[in-house]
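Chemist: Line by line, the protein sequences are chains A and B. The opening position of the first sequence corresponds to residue 18 in the working numbering, with each subsequent residue numbered one higher. The opening position of the second sequence corresponds to residue 18 in the working numbering, with each subsequent residue numbered one higher.
Derived from the structure by calculation, the hints contain no laboratory data. A few of these clues could be false.
Where chains are identical, the list cannot tell them apart; a pair therefore holds if satisfied intra-copy or between any two copies.
Claimed, not checked - Taking lysine to aspartate or glutamate pairs in the EDC-like style, the calculated list, with each CA pair at most 20 Å apart, reads:
1. K154 to E83
2. K380 to D366
3. K125 to E224
4. K380 to E141
5. K125 to E60
6. K318 to E353
7. K125 to D158
8. K47 to D365
9. K390 to D416
10. K311 to D356
11. K380 to D146
12. K389 to D186
13. K125 to E392
14. K125 to D308
15. K154 to D308
16. K154 to D361
17. K318 to D354
One letter stands for each residue in the lines below.
Protein chains: 2
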Amino acid sequence: MPVNLLPPEPADLLPVAGVRLGVAQAGIRKVNRKDLTVLLLDEGTSVAGVFTRNRFCAAPVQVCREHLAAGDGIRAMVINTGNANAGTGAQGLVDARATCEAMALLLKLQPSQVLPFSTGVIMEPLPVDRIVAGLPKALADANDTHWAQAAEGIMTTDTLPKAFSTRVDIAGVPVTVTGISKGAGMIRPNMATMLGFVATDAHIAPELLQSLTAELAEASFNRITIDGDTSTNDSFLVMVTHKAATPLITSLSSPEGLAVKAAMLTVSRQLAQAIVRDGEGATKFITIQVDGGKTTEECRKVAYAIAHSPLVKTAFFASDPNLGRILAAVGYAGIEDLDPTGIDLFLDDVQVAIQGGRHPSYKEEDGQRVMKKSEILVRVLLGRGSCTDTVWTCDLSHDYVSINADYRS
Amino acid sequence: MPVNLLPPEPADLLPVAGVRLGVAQAGIRKVNRKDLTVLLLDEGTSVAGVFTRNRFCAAPVQVCREHLAAGDGIRAMVINTGNANAGTGAQGLVDARATCEAMALLLKLQPSQVLPFSTGVIMEPLPVDRIVAGLPKALADANDTHWAQAAEGIMTTDTLPKAFSTRVDIAGVPVTVTGISKGAGMIRPNMATMLGFVATDAHIAPELLQSLTAELAEASFNRITIDGDTSTNDSFLVMVTHKAATPLITSLSSPEGLAVKAAMLTVSRQLAQAIVRDGEGATKFITIQVDGGKTTEECRKVAYAIAHSPLVKTAFFASDPNLGRILAAVGYAGIEDLDPTGIDLFLDDVQVAIQGGRHPSYKEEDGQRVMKKSEILVRVLLGRGSCTDTVWTCDLSHDYVSINADYRS
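When you get a sec, could you build the whole thing from the sequences and use the hints?
Modeler: Structure (structure tokens):
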């Protein structure tokens with residue numbers, strides 16, 4: 018059961034001029050499953066991406082990086098589920114390239130204008146023939162209204178499709194941002210993959226796109242964690258079609274730049290948070306905000322130490338205000354000169370700890386009242402400076418173990 | 018059910034001349050429980066310790082560091098369970114000192130000659146009065162044969178006491194090493210504490226002791242992990258009574274030094290591994306050996322990334338050869354210039370991966386045969402150099418979640 022997440026209403030997902038999506042059943046791993054999604058982009062679209070930092074990155078991630086670097090103008094994306102094409106060695110690269118070549122042939126493009134994405138089983142060869150056979154069907158389905166279908170097409174162990182949309186006025190012209198994501202369920206015998214795709218018709222100077230994409234990822238997908246396992250296939254792509262009839266946005270600090278960035282961040286964060294809400298076995302959505310750090314980085318280290326602690330996560334699952342576990346995680350987060358007597362801890366509005374010890378007025382029933390909620394804010398004040406950072410995570414439940422331990426049948 | 022661990026036979030635990038141990042019921046948190054242990058050392062004993070790196074370290078850890086630094090000659094240790102005296106602020110320090118003062122008064126020592134240890138509930142005030150009231154009973158019980166009782170006296174959620182002994186001949190004289198440990202169960206509403214105490218009657222030059230202790234810890238307690246949560250109270254103490262009638266050992270590289278060190282390492286490792294074998298919910302004991310690194314440190318990073326991955330740990334629980342998860346963990350361990358195509362992976366004698374991909378002759382039934390065992394060796398070859406390191410861990414089971422999520426009744 019996802020935490021406060023509903024399936025998208027197709028009518029709420031606004032088309033982005035210049036982007037069409039199509040889905041097909043290619044029988045990649047299972048029959049009767051929409052497992053092949055294509056994303057078609059009008060000529061002139063600017064595309065940027067950020068990818069997993071896992072050194073064991075999958076073949077499609079390597080090909081994506083090459084094709085983005087080639088600079089020939091990305092015009093299409095192919096996303097298959099059922100097979101991650103990871104841990105597949107040299108053959109994996111051959112297979113990822115073959116997918117791009119087949120798509121390019123159908124669309125009269127260069128292979129370098131196609132980006133491949135795969136998610137699913139690893140260490141098994143990619144069934145390129147089935148993907149290639151499915152492409153014409155997916156292309157025939159392509160339509161600018163098919164965002165909800167595409168969100169469903171890229172699902173693996175996700176229990177719900179994830180798609181969000183927003184609109185912002187720039188110089189009196191409506192600009193649309195729509196995106197889809199999947200993850201971080203781990204399909205057996207396998208690992209998770211997070212995929213995120215955000216498109217906008219905003220007219221943004223292409224040279225701003227890579228840093229904008231990195232900035233969006235940092236504040237959304239790079240701030241979530243289910244279990245700390247970084248997948249081999251994680252990819253986040255931003256597409257800008259330039260179709261909105263506004264003046265060119267040449268700075269992200271201008272009022273127009275800020276407005277578009279904010280809209281894109283809204284969608285990116287919703288997509289990222291939806292992954293946590295649909296996290297394996299998740300029963301709670303937890304925001305961990307660390308204030309008062311000397312640097313943003315040290316705030317992030319503390320937030321991740323809390324978010325990754327199995328003891329903290331199981332305590333949330335149990336609605337148990339076992340809050341010393343949070344203080345302990347703060348202590349081992351890696352801030353060498355941390356003074357524990359400077360630390361305060363809040364759970365929503367309840368002050369649990371002051372100056373590193375239990376707050377005199379803290380009552381366990383107050384802590385438990387908050388722990389029973391499905392959305393919880395953990396706030397740590399380091400008392401060292403004015404920096405802050407936030408991470409979103411979920412609890413660790415019996416279902417997490419079941420989902421990841423259950424031997425494939 | 019601990020993994021291949023039996024309770025110690027009291028007769029197997031060899032007394033160490035100059036060390037006496039006593040246990041009492043002090044009613045610190047529960048009645049009818051041996052919760053207070055004292056360790057008495059003859060004059061002239063050398064003592065060194067290493068402690069948690071958690072910045073939120075508990076009051077007794079702070080006092081231990083002070084008293085060891087004072088150099089007045091440690092003569093006694095007081096260990097209570099039921100309360101960790103952590104997250105207790107300034108009062109915690111007052112309470113830890115009061116414990117030492119009470120013990121010193123009874124033994125006609127300076128308080129700085131007493132080391133305090135606490136493990137149990139955190140963020141609750143230490144019941145010093147009950148500890149002080151219990152000390153005479155524990156002292157009356159003190160005896161050089163009470164190692165097994167002491168191992169039981171320091172248990173919290175441990176299911177079995179942990180104690181080991183060995184003897185080595187130095188210049189024709191038998192030298193004894195005996196030790197006890199506890200952890201890493203987390204008593205609710207609480208966090209784990211690892212405690213380890215190793216004593217020997219060896220005649221080792223005192224100036225060698227601190228580096229010897231650090232070296233022993235590095236190769237034993239610092240190579241185990243249950244869930245990656247570093248406790249606020251972890252402590253490892255080495256006591257050398259100098260009672261064995263051998264020449265003074267002035268170098269740890271001499272034959273005698275090497276022999277004593279090896280005996281102490283044997284006991285330290287057994288104690289550390291026993292903690293993993295008795296890890297919360299553990300059903301498997303897993304050795305993770307990483308070879309072929311450029312540095313020992315990078316081997317350790319890889320070993321810990323594998324050992325801490327919830328995906329790897331749940332796969333072991335399920336006896337599921339879901340081995341891409343191990344490769345993925347290698348990939349995100351933080352070696353920036355890692356070449357995935359240089360990596361081989363073995364499970365016991367079964368080669369799973371070669372050059373970063375599935376080994377052509379690997380069959381899943383072979384992987385599963387190994388995964389079903391209760392003791393498993395994971396061996397990763399990085400192919401970058403000649404360094405190696407090893408970490409011991411356990412799997413992640415439903416019982417782990419139950420133990421840590423079950424709200425205290």
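Chemist: Run the structure past the numbered hints and jot down the numbers of the failing ones, going up.
Modeler: Those not satisfied are hints 1, 3, 8, 11, 12, 13, 14, 15, 16.
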